[in-house]
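Undergrad: These protein sequence lines map, in sequence, to chains R and G. All residue numbers for the first sequence refer to our numbering, where the first residue is 1 and numbers rise by one. All residue numbers for the second sequence refer to our numbering, where the first residue is 353 and numbers rise by one.
Keep in mind the hints are simulated off the structure, nothing from the lab. Check before you lean on any hint, since a few could be wrong.
A few chain G residues that don't get close to chain R, going by computed Cβ distances all over 12 Å [claimed, not checked]:
{"no.": "1", "residue": "Gly362"}
{"no.": "2", "residue": "Ser412"}
{"no.": "3", "residue": "Leu419"}
{"no.": "4", "residue": "Leu475"}
{"no.": "5", "residue": "Leu506"}
{"no.": "6", "residue": "Lys519"}
{"no.": "7", "residue": "Ala526"}
{"no.": "8", "residue": "Pro540"}
{"no.": "9", "residue": "Gln542"}
{"no.": "10", "residue": "Ile544"}
Label pairs and their in silico Cβ distance ranges [said to hold, decoys possible]:
{"no.": "11", "chain 1": "R", "residue 1": "Ala174", "chain 2": "G", "residue 2": "Pro615", "range": "43 to 49 Å"}
{"no.": "12", "chain 1": "G", "residue 1": "Arg648", "chain 2": "R", "residue 2": "Gly172", "range": "54 to 60 Å"}
{"no.": "13", "chain 1": "R", "residue 1": "Tyr157", "chain 2": "G", "residue 2": "Ala505", "range": "45 to 51 Å"}
{"no.": "14", "chain 1": "R", "residue 1": "Asn198", "chain 2": "G", "residue 2": "Pro615", "range": "46 to 52 Å"}
{"no.": "15", "chain 1": "R", "residue 1": "Ile340", "chain 2": "G", "residue 2": "Leu465", "range": "37 to 43 Å"}
{"no.": "16", "chain 1": "G", "residue 1": "Arg648", "chain 2": "R", "residue 2": "Gly161", "range": "43 to 49 Å"}
Since this is a predicted model, take the numbers as computed values, not measurements. C-beta: ideal position from N, C-alpha, C; glycine also.
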Amino acid sequence: MFYREAGQFKTSYQADNQIFPIRQDRIGIAIVLIAAFVAVPGLATDYAFSAIFIPFLIFSLAALGLNILTGYAGQLSLGSAAFMAVGAFASYNFVLRIPGIPVLLAFVLGGLSAAMVGIAFGLPSLRIRGFYLAAATLATQFFVVWCLTKIQWFTNYSSSGVITAQEMVILGIAINTPVKKYLLTLTVVCVMAMLAKNMVRSNVGRSWMAVRDMDVAAEVIGFRLMRTKLLAFAVSSFYCGIAGALYAYAYLGTVEPEAYNLDLSFRILFMIIIGGVGSILGSFLGSAFIILLPIVLNLIAHSLSLPTNVASNLELMVFGALIIFFLIVEPHGLARLWQITKEKLRLWPFPH
Amino acid sequence: MSFFFEVFIGGLLSGVMYALVALGFVLIYKASGVFNFAQGAMVFFAALTCVGLTEKFEMSLWLAIPLTMLVMVALGLAIERVVLRPLVNQPEITLFMATIGLTFFIEGLAQLLWGSQPHKLTLPIDDVPIEYFIEKFNILVSQFDVIAALICALLVTGLALLFSKTKIGRALRAVADDHQAALAVGIPLQQIWGIVWAVAGFVALVAGLLWGARNGVQFALTFVALKALPVLILGGFTSVPGAIVGGLIIGASEKLAEVYIGPLVGGGIEGWFPYVLALLFLLVRPEGLFGEKIIRRI
Chain R
1 MFYREAGQFK TSYQADNQIF PIRQDRIGIA IVLIAAFVAV PGLATDYAFS
51 AIFIPFLIFS LAALGLNILT GYAGQLSLGS AAFMAVGAFA SYNFVLRIPG
101 IPVLLAFVLG GLSAAMVGIA FGLPSLRIRG FYLAAATLAT QFFVVWCLTK
151 IQWFTNYSSS GVITAQEMVI LGIAINTPVK KYLLTLTVVC VMAMLAKNMV
201 RSNVGRSWMA VRDMDVAAEV IGFRLMRTKL LAFAVSSFYC GIAGALYAYA
251 YLGTVEPEAY NLDLSFRILF MIIIGGVGSI LGSFLGSAFI ILLPIVLNLI
301 AHSLSLPTNV ASNLELMVFG ALIIFFLIVE PHGLARLWQI TKEKLRLWPF
351 PH
Chain G
353 MSFFFEVFIG GLLSGVMYAL VALGFVLIYK ASGVFNFAQG AMVFFAALTC
403 VGLTEKFEMS LWLAIPLTML VMVALGLAIE RVVLRPLVNQ PEITLFMATI
453 GLTFFIEGLA QLLWGSQPHK LTLPIDDVPI EYFIEKFNIL VSQFDVIAAL
503 ICALLVTGLA LLFSKTKIGR ALRAVADDHQ AALAVGIPLQ QIWGIVWAVA
553 GFVALVAGLL WGARNGVQFA LTFVALKALP VLILGGFTSV PGAIVGGLII
603 GASEKLAEVY IGPLVGGGIE GWFPYVLALL FLLVRPEGLF GEKIIRRI
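Next comes chain R alone, as it looks inside the complex (with noise of 0.2 Å):
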């Protein structure tokens, strides 16, 4: 009854290729962005920004990143968290070595040295593919981490290996309360997601998607491999550096190389799976669900009052059962749950 498109005419191809063709869709996504520019910082705490909405949106852009990759490329990657370590510690440097740099655009050349980076590792992808590829980027992990580790110059020679990341100052403001800094990563999080969107419905993205699909026939109608498969990588590495950087700067505030481990390349990978592959909702939704569930765990066994390592074990348990569980009940993950309820509401209240 709500959710009916009958009667919205498209008379111009600019209508017909708008992002969200459905009216309600449109109301649906400007009431999403009033209520998180506007309800959110007036409501919420200081502790919800930092322990929930901030990390949330840091993870979405990380997992957006990994999306492309490997949701709409087709190529498997174990190595998402080494890009964000790169995105930050690079930032870290530019703004270090750079008198008077603006901060954002640290962050940009921070993400395209993460690019850099994912090209770099990218290539082997020209040549293996499937678990090969995915054992492969683990290197990227491992190295990348040990880099940061062992070469004193990209901490600053700080003796405990950690860096601070620097006071923020964009256009005269200085981003240092929990309310700035999500307003920022909210801005910087819906700008990267439009272009993702945008850029996974023009060429680029079909190409991404013939690939993923079948690159060998892919390459026999004349995609080029070699430049689709890097500019995935360069795309994802670009957005994970961002998040990496984000991660830094508007989350942690000091962080050691040991943060970007591959149990956040894990954790971000699962976003992916169960928010659902080649799906931008789904990047978000994925991290929501990863955000809150320790959280709502921790609820669980509080009130139960189990001691905490039993906690911490089941919540390991619980995370990969649902992670099996979600791959054989709905393999596309909460994005497709969304999509199946959105059709339903088309014909409701009449079941067909």
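With chain R's structure known, arrange chain G on it following the hints.
TA: What follows is chain G alone, placed relative to chain R:
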């Protein structure tokens, strides 16, 4: 020069241990087309269960090992029933990700059952240098490592025979090629998967006992799986000899690199050197040393 050989042989022997874990991977991959990321967790689980049994119920090791074996078989069958059966004929990547989920589950389960503190595991094999080698070549070679290598060799021979000579072996290879086709010609897929996972559980137990006796039974045991991955890449995912040769190459080159290149770049390169080595090798031969040539058609 004798120092070089000592490092080299030490590397080879630790390579045997990597090979043992890699073997578990190869076994399952070869027989079911599942790349089992949970192998490391199974090694951890097996070792922890064995130690837990001896400590909690004060039983002897000789009783605990067969009991653990039973537990591993049960675990294997449960995995087949709960995880794999619903995923028959899904893309390999889906199965792979399911085993990542499995990894977390088993790690949580193991620590929930037996606690997360490290344990000491003593096997009735002494970790002492063999005198013969000291007298003859002036090299330290541990008796423990040599016996581990022998056990590994025995295991590999057995598995190789199982794969090539028996009816089950043929069925295993058929299943690995194509689930659906195997089902269609009347191969009992569930039975085969049950067998494979049980055998993989057995290999995990052997690996877990040997590694556990060497480094203590603790969570770090799961990282052994990460060491086995470059071995697999190098040797080829489908090859038992590949796992062995790959293990030896990785073990030896890793120790040599740590000793000779490590000091030049700040040390700790053991963590990534095997991966980079395997990666470079893949650029030359994408299917690994002994892997099957991948032929792709449209």
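Undergrad: Is it true that the C-beta distance of Ile340/R to Leu465/G lies inside 37 to 43 Å, as the hint says?
TA: Holds: the Cβ-Cβ distance is about 38 Å, inside 37 to 43 Å.
Undergrad: Once the closest CB in chain R is found, is it more than 12 Å from Gly362/G?
TA: holds, 22 Å
Undergrad: Is it true that Arg648/G and Gly172/R lie within 54 to 60 Å of each other by Cβ?
TA: With Cβ atoms ~57 Å apart, the hint holds.
Undergrad: Is 43 to 49 Å a correct range for the gap between the Cβ atoms of Arg648/G and Gly161/R?
TA: holds, 44 Å
Undergrad: Over 12 Å from every CB of chain R: does Ile544/G meet that, or does the non-interface label fail?
TA: Since the minimum Cβ distance to chain R is about 20 Å, Ile544/G lies beyond 12 Å and the statement holds.
Undergrad: Grab the minimum beta-carbon distance between Ala526/G and chain R and tell me whether it stays above 12 Å.
TA: holds, 20 Å
Undergrad: Over 12 Å from every CB of chain R: does Leu419/G meet that, or does the non-interface label fail?
TA: With a cut-off of 12 Å, Leu419/G remains clear of chain R, as the shortest Cβ separation is near 22 Å.
Undergrad: Taking 45 to 51 Å as the hint, is the beta-carbon distance of Tyr157/R and Ala505/G inside that range?
TA: holds, 49 Å
Undergrad: Does Leu475/G sit more than 12 Å from chain R, CB to CB?
TA: At about 27 Å from chain R, Leu475/G clears the 12 Å cut-off, so the statement holds.
Undergrad: For Pro540/G, is the shortest CB-to-CB distance to chain R above 12 Å, so the non-interface label stands?
TA: Pro540/G clear of chain R: closest Cβ-Cβ about 21 Å, beyond 12 Å.
Undergrad: Please check whether the beta-carbon of Lys519/G is more than 12 Å away from every beta-carbon in chain R.
TA: holds, 28 Å
Undergrad: Are Ala174/R and Pro615/G spaced within 43 to 49 Å by their CB atoms?
TA: holds, 45 Å
Taken one by one, the earlier hints all hold for this structure without exception.
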